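Participant: Using the sequences provided together with the hints, build the complete structure.
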Amino acid sequence: MIVVLTREKNIKGRKRQLIVDTNGFVIRVLVHAADISESEGGIWLLNEHSDALTSLNSIRVDQGYKRMFVDWVNQYLSCAVEVVEKAAGQVGFAVLPKRWVVERTFAWLGRYRQLSKEYDRRPESTEGWIYLASIDILLKRLFRAK
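Quick note on my numbering: the sequence shown kicks off at 3 and runs consecutively.
Calculated directly from the structure, the hints in this document are not laboratory data. Nothing here was measured: the structure is a model prediction, and the numbers come from that model. Hints may be right or wrong, so weigh each one.
As the list claims (entries may be wrong) - Derived lysine-lysine pairs resembling DSS-like cross-links, with alpha carbons at most 30 Å apart:
1. 100 x 14
2. 119 x 88
3. 142 x 119
4. 68 x 119
5. 68 x 14
6. 68 x 88
7. 100 x 68
8. 100 x 88
9. 88 x 14
10. 100 x 119
11. 100 x 142
12. 14 x 119
Facilitator: Listed below in structure tokens is the structure:
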């Protein structure tokens, strides 16, 4: 299993971090205050859900995750961490390899009104809405052919 871990940027006051598989389907979610760094949130998320990630081979993260996160993953989870970086001299938007998987997941979740902005007071409520939306996405994929 390859996991892509990232955070959503356009939600005020909160950060949403997702663990998704290579198809972009949500495995685990963590919503926390925006004053917690990406590295700390990533460690918190992986530490909390390490029992569900037993077949973890590698993790792909964006540039927001610091060396502290990479060192922690190497020490405690024994898997490879690949930091997906922008190309040297890149100006503006460009699709980054493997990074688009999680960006597509955020786009899928953004179609749901409840997840388009941060409406809830408690982060656990937002996590619940993300899980419900991901279940809806999976069920639509499953029964699309019928």
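Participant: Just to be careful, I want the Cα atoms of residue 68 and residue 88 compared with a cutoff of 30 Å; is the pair within it?
Facilitator: Distance ~15 Å between residue 68 and residue 88 Cα, so the pair holds.
Participant: Sort out whether residue 142 lies within 30 Å of residue 100, counting only the CA atoms.
Facilitator: holds (24 Å)
Participant: Need the status of pair residue 100, residue 14: alpha-carbon distance at most 30 Å?
Facilitator: holds (26 Å)
Participant: For a C-alpha distance cap of 30 Å, please report whether residue 119 and residue 88 respect it.
Facilitator: holds (27 Å)
Participant: Check the hint pairing residue 100 with residue 119 against an upper bound of 30 Å on the C-alpha distance.
Facilitator: holds (26 Å)
Participant: Given the hint that residue 68 pairs with residue 14, test it: the Cα-Cα distance must not exceed 30 Å.
Facilitator: holds (22 Å)
Participant: Need the status of pair residue 88, residue 14: alpha-carbon distance at most 30 Å?
Facilitator: Holds. Residue 88 to residue 14 sits at ~24 Å (cutoff 30 Å).
Participant: For the pair we were handed, residue 14 and residue 119, check the Cα-Cα distance against 30 Å.
Facilitator: Since the Cα atoms of residue 14 and residue 119 sit roughly 8 Å apart, the hinted pair holds (cutoff 30 Å).
Participant: So if I understand the rule, the pair passes when the alpha-carbon distance is 30 Å or less; does residue 100 with residue 68 pass?
Facilitator: holds (19 Å)
Participant: Would you check the hint for residue 100 and residue 88, treating anything up to 30 Å between C-alpha atoms as holding?
Facilitator: holds (12 Å)
Participant: Can the restraint linking residue 142 and residue 119 be considered satisfied, given a maximum Cα separation of 30 Å?
Facilitator: Roughly 23 Å between the alpha carbons, so the hint for residue 142 and residue 119 holds.
Participant: Does residue 68 pair with residue 119 here, judged by a C-alpha cut-off of 30 Å?
Facilitator: holds (27 Å)
Taken one by one, the earlier hints all hold for this structure without exception.
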